[in-house]
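Single-letter residue listing:
There are 2 protein chains.
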Amino acid sequence: MTEDRSFDMPLEEAMRTQRSIRRLRADPVDHDLLLHCVELALKAPTGSNSQGWEFVLVEDRTSVGAIGRLNGFAWRLYGPVGRRQYRRNEQMQRILAAVQHQADNYDDIPALVVPCVRVPFSIPFVIGPVLGASALYGSVYPSIQNFLLACRAAGLGACLTTLPLWNVRRVRKILGLPRGLLPVAVIPVGWPEGRYGPTTRRPVKEVVHLDRFGNRPFL
Amino acid sequence: MTEDRSFDMPLEEAMRTQRSIRRLRADPVDHDLLLHCVELALKAPTGSNSQGWEFVLVEDRTSVGAIGRLNGFAWRLYGPVGRRQYRRNEQMQRILAAVQHQADNYDDIPALVVPCVRVPFSIPFVIGPVLGASALYGSVYPSIQNFLLACRAAGLGACLTTLPLWNVRRVRKILGLPRGLLPVAVIPVGWPEGRYGPTTRRPVKEVVHLDRFGNRPFL
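Listed in order, the protein sequences are those of chains A and B.
Position 167 (the first sequence) corresponds to 167 in the numbering used here; numbering is contiguous.
Position 150 (the second sequence) corresponds to 150 in the numbering used here; numbering is contiguous.
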């Protein structure tokens, strides 16, 4: 598709410098570049190789605005709680300010990518609800992560959000989704105002347990 | 951690050649290498930066065997259905044969990685069940995909499975997981007998819709 060599960024560098970019320029993003990112998304695994995914690219101003209003409604509920909960956490305060900026400027986001997955009627759903839910979301979130990493390599700003999905029925209507096709995330994409860079995480040796939870010989 | 340069594999190459590897050698896998893969997993995003993840590395033969029996039980139900459903699909028949091989040789798998996520009580769960589920699984599956890509770059064989989770209570007991920590997948890892290589996917132009489902101007 595009001949952009940026997708050759070393894997580890892409992962270590991936971060949510919420301050975006309004300039449009080239379709070929977005298609290339989705094409790499499709390389991720799916349960039983189902590939039951569809990606809706939303650029129409009316639809972006409508999804922005859903996002804003949930954010007005959630934002104050988050701000109070993390009032002593500077890093989270910066994140929350960026989420606020995103909500305030939703209409200017050049493109939203909405990954969807077909909800199957299959044995995993019959034999266990956790298995069913995990198999379903596990058949689309790996592709979403590929998409985010591809955006990072291309220098595009992107950010995984789920807030607008509090009203799935409305999102379905805005995008004309058929019954049985579940929108699982809304990813604002554009050229970043901010920068990619290293993130802070819990130390790996604290997170890995050997054989039984609580046994952490690597600490 | 390890100074292995293989994690410098170009992003696009890693994605294009990632595939589920189900035929594994019994040789043990170096802990530093696995920790490096998990460390890259932790670079993935989580909802509200929650980082509510824990990774249980299972090498103990008793536990691997017990999880293998859970896998085998579900596979004996699901396998025959899959074989009938895909009897005219050669590619799926090859996949099903590999899943059968995995089930038959579960006891020889050197390591299982079980990613878990803390189930929060938070507003997303209150304001919408789809939003809640997607935010939960969306806070761990991106890290799982990072882990799988890191394994691919390191040349380790890995494969995302959920079948053993039909009995979550039993998996919790085997791994000593506390209440509130949900196992979301079981990833057998080892040095591959098979090879990584390109995969077949639906064409991107068929999967991408512009503004409304069914509008596919890129086709």
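Please keep in mind that the hints were generated in silico from the structure rather than gathered at the bench.
It cannot be assumed that every hint is accurate.
[Claimed, not checked] Cβ-to-Cβ under 10 Å is the rule here; a few derived chain A residues that face chain B: (1) 9; (2) 33; (3) 101; (4) 105; (5) 113; (6) 116; (7) 145; (8) 148; (9) 167; (10) 205.
All C-beta atoms, glycine included, are put in the ideal place defined by N, C-alpha and C.
Verification of the supplied hints:
1. 9: For residue 9 of chain A, the interface hint holds, since the closest Cβ of chain B sits about 5 Å away, which is under 10 Å.
2. 33: violated, 12 Å
3. 101: For residue 101 of chain A, the interface hint is violated, since the closest Cβ of chain B sits about 16 Å away, which is over 10 Å.
4. 105: This hint is violated: residue 105 of chain A lies away from chain B, its Cβ roughly 20 Å from the closest one there, beyond 10 Å.
5. 113: With Cβ-Cβ at 9 Å, under 10 Å, it holds.
6. 116: holds, 8 Å
7. 145: holds, 4 Å
8. 148: holds, 7 Å
9. 167: holds, 7 Å
10. 205: Holds, about 7 Å.
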